[in-house]
Structures are given as C-alpha cells and as structure tokens.
Amino acid sequence: GAFGVLPTSPALAETAATEAAKYDGFANYAKENQMEKSDVNCFVKQCGEQTKALFSNPRGIKGVSCLGRCKGEQSCAMQCFAEFSSESLNDWLYCTIEENECVKAPKNIDNSAEDVGYPYVVKNFDPASLVGTWYKTDGLDPNYDLFDCQTNTFEMSPSSGGPNKELDMGIFFRLPRPEESGGGFWNNELTEHMIVDTPSTTESSGNPGRTMHTSGKMNGLQFSENWYILGESDGSNGIPPFKLVAFKGHTLQGNYEGSFVYAKEPILPDAARPAVAEAAKRAGLDFSQYTRIDNTCPAGEPLNDSQAGTGTSTTDWINLVVGEGGVIDWISPGWRGEYKN
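The working numbering numbers the first residue of the sequence shown as 4 and each following residue consecutively.
Don't take each hint at face value.
[Said to hold, decoys possible] Have a look at the derived ranges for each label pair, beta carbon to beta carbon: (1) N240 - G303: 33 to 41 Å; (2) N146 - K284: 22 to 30 Å; (3) A302 - H196: 29 to 37 Å; (4) S218 - E192: 13 to 21 Å; (5) A116 - G186: 32 to 40 Å.
[To be verified] In silico SDA-like cross-links for lysine to any residue, where the CA-CA straight-line distance does not exceed 20 Å: (6) K220 - S89; (7) K284 - L178; (8) K48 - Q82; (9) K220 - P269; (10) K284 - V125; (11) K168 - F188; (12) K267 - P244; (13) K267 - G287; (14) K267 - F188; (15) K267 - I174; (16) K126 - S236; (17) K65 - A85; (18) K65 - P244; (19) K267 - L143; (20) K65 - S239; (21) K126 - D297; (22) K284 - K220; (23) K267 - K220; (24) K55 - E101; (25) K267 - M221; (26) K65 - F188; (27) K284 - S162.
Hints listed in this document are in silico derivations from the structure and should not be mistaken for laboratory results.
Ideal Cβ placement from N, Cα and C applies to all residues, glycine included.
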C-alpha cells in the first residue's frame, strides 16, 4: 500500500542509476537506504477511495497487519498475500506504492537475472498443448511453488490475433491454516495473461531461451515474469503427459524464481518421473530437490469471508499503517531508525 509522503533518503538519492542492487524483499533495501518517517496525508488524499474500501474489509485489515509483521521479508509477505489477498488490498497497495509513491520503494534493482535462461529449453513449443486443466504436482521453491491443491487452466486468448499467440491462465490453490489455530483452509484464485514468444520477440528481449512471458499486477505490485518450458511429453512412448516449467521474475519487493511440474493427474505418474528428471538435469536443475505438492484437497468449506464484520475506526486504521507492525513496517522496515548507525 502506499501512504505518507516519504522523502527520498540521502542514501537512495546518491545512488547512481547504473548502480543497480539485488534485493530479497524490502528489508535488505531498507538496511542500505535509510527511510524517513511517513506522512499519512498522501494515502488519505491521493488514495482515499482505496483506503476507505480496504479498511472497511476485515480481511484487508488482517492482510495489512500480517504484512507489517513481516518487516519487509519477502517469503513472509508471500504467505500473507496467499492468506489475506483481496481486491481491496491489491488496489490499495497499487495506488499507494506504484501509482503515487507515497512510500519510496526501491527503484534501483538489478533484474537482469530474470533474463538469464537455461542450458536447454523445448524448441518450437506449441502453446495449444497447454490448453485444458493441469495439476502442479512437484515444486522447487517453498515460497512460490508448494501451495496445496494447485491447478492451472489454460485457454487460447481471444486477443491472439497478432504475431504472438496468447494464453489466459486460471490459477487455483489453497493455503492451510495451522491446526493449532483451528485448521481449515483459504481458497485463492488468480488469473494471468501469457504471451508466447516467437524468435523475433525473444531476440528483441535479449532472452532467446524464453518460452512465454507475462506482466501485470500481483498482490498490488507490478510484476514481470519469464517462463521457460524445460521438458514435456504429449503422452506418447509410454510417458504420461507433463510439462517441466521454470520461471524468473520481479516485483518492487525483489527478484524471485522457481520451477514446477504440470501433469494431468494430482500426483506425477511414476512412468513420467525419469523423463522429468532427465529434462531437469539438461536444464541444470536437480529433480531430487523438488517436493511433491499436496493435491489431496480434502472436502470442506473454505475460511474465506470477505464480508465479515464492519471494518475499523479511523484511529485504528492509522495505527495499522504507521503503528508498530503496521504496513509501513513492511514497505519501509527501519523507518523509525532501527537500521541507523
């Protein structure tokens, strides 16, 4: 989210544009660039409508509180978004961070890593082979790949009229609530629009190995993401259908990457595992490091309840923004001076 007119710190102002840095979340950034106290007038005046919508939604309030406790740490924030993401939270974060820069987030980030491809990718990939429903069965990164009950749906986009074919992707996953907190789960549904690369587009992007790419807003922050199809089977030669995918991307919060397997069944068939392992090896990855995703999906009612409660008071929401554990502590950890010498 974005609030407060936050003056650019001297450390940031003196950083040359060419001196790009790598950050894993806002925490590392804040330690290097001292942040100043925020002025809440920015998010009230510039993003008043989004602020009112967010703080009348208890799910949004919980999301703000969760982000504040993360103190800028990226993997923690991903868990908060998975659990509490809502349209009102996303709109608020976009208005206050991206659109109006009420809080000065890092701009001098080195994103070149996402354009570094893999030793091997599938050539002449046919995007029509993705159309339909796929399970994510195995994943590499616990922060991005291993949520429960993951299915993705693909259909050719009606906008695929130009030189690039395009796909609309539906994303579904669950996030469990710990048993000690009562158990249960939250359902999460997202959509993304994928543009399939042709030789001409990959040459112009400087990334000749890229299979597809997408960009847009994720959890209120703009993102850019490259996909690489590292291996596949169409079901012939006794090898069940699969796709081995790797991705690299970034938001203002930092760089991220991961890899996963698509299959037509909730668990990757044993007959496909040797081919997946070989494809991973060709691409410089180790399939033994992947973890099986829990796609058992036990029946039950999700905990999602965006209409519960009546919101909070003005005093309360100001505390949720600038108070201890407020969302400014996520975007600008250390703004009270914790990292000053």
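Against the structure, the hints:
1. N240 - G303: 33 to 41 Å: holds, 40 Å
2. N146 - K284: 22 to 30 Å: holds, 24 Å
3. A302 - H196: 29 to 37 Å: About 32 Å separates the Cβ atoms of A302 and H196, which means 29 to 37 Å holds.
4. S218 - E192: 13 to 21 Å: For S218 and E192 the Cβ distance comes to about 20 Å; the hint holds.
5. A116 - G186: 32 to 40 Å: holds, 38 Å
6. K220 - S89: Between K220 and S89 the Cα gap is close to 13 Å, so the pair holds against 20 Å.
7. K284 - L178: Cα-Cα ~30 Å, so violated.
8. K48 - Q82: The hint is violated at about 30 Å.
9. K220 - P269: Cα-Cα ~28 Å, so violated.
10. K284 - V125: holds, 14 Å
11. K168 - F188: Answer violated: K168 to F188 is near 36 Å, above 20 Å.
12. K267 - P244: holds, 7 Å
13. K267 - G287: violated, 25 Å
14. K267 - F188: violated, 24 Å
15. K267 - I174: holds, 15 Å
16. K126 - S236: holds, 13 Å
17. K65 - A85: Holds: K65 and A85 sit about 12 Å apart, inside 20 Å.
18. K65 - P244: violated, 41 Å
19. K267 - L143: The hint holds at about 19 Å.
20. K65 - S239: Distance of about 48 Å is beyond 20 Å: violated.
21. K126 - D297: violated, 31 Å
22. K284 - K220: Cα-Cα ~32 Å, so violated.
23. K267 - K220: violated, 28 Å
24. K55 - E101: Cα-Cα ~18 Å, so holds.
25. K267 - M221: violated, 26 Å
26. K65 - F188: Distance ~16 Å between K65 and F188 Cα, so the pair holds.
27. K284 - S162: Violated, at about 36 Å.
Comparing the model with each earlier hint shows violations of hints 7, 8, 9, 11, 13, 14, 18, 20, 21, 22, 23, 25 and 27; every other hint is respected.
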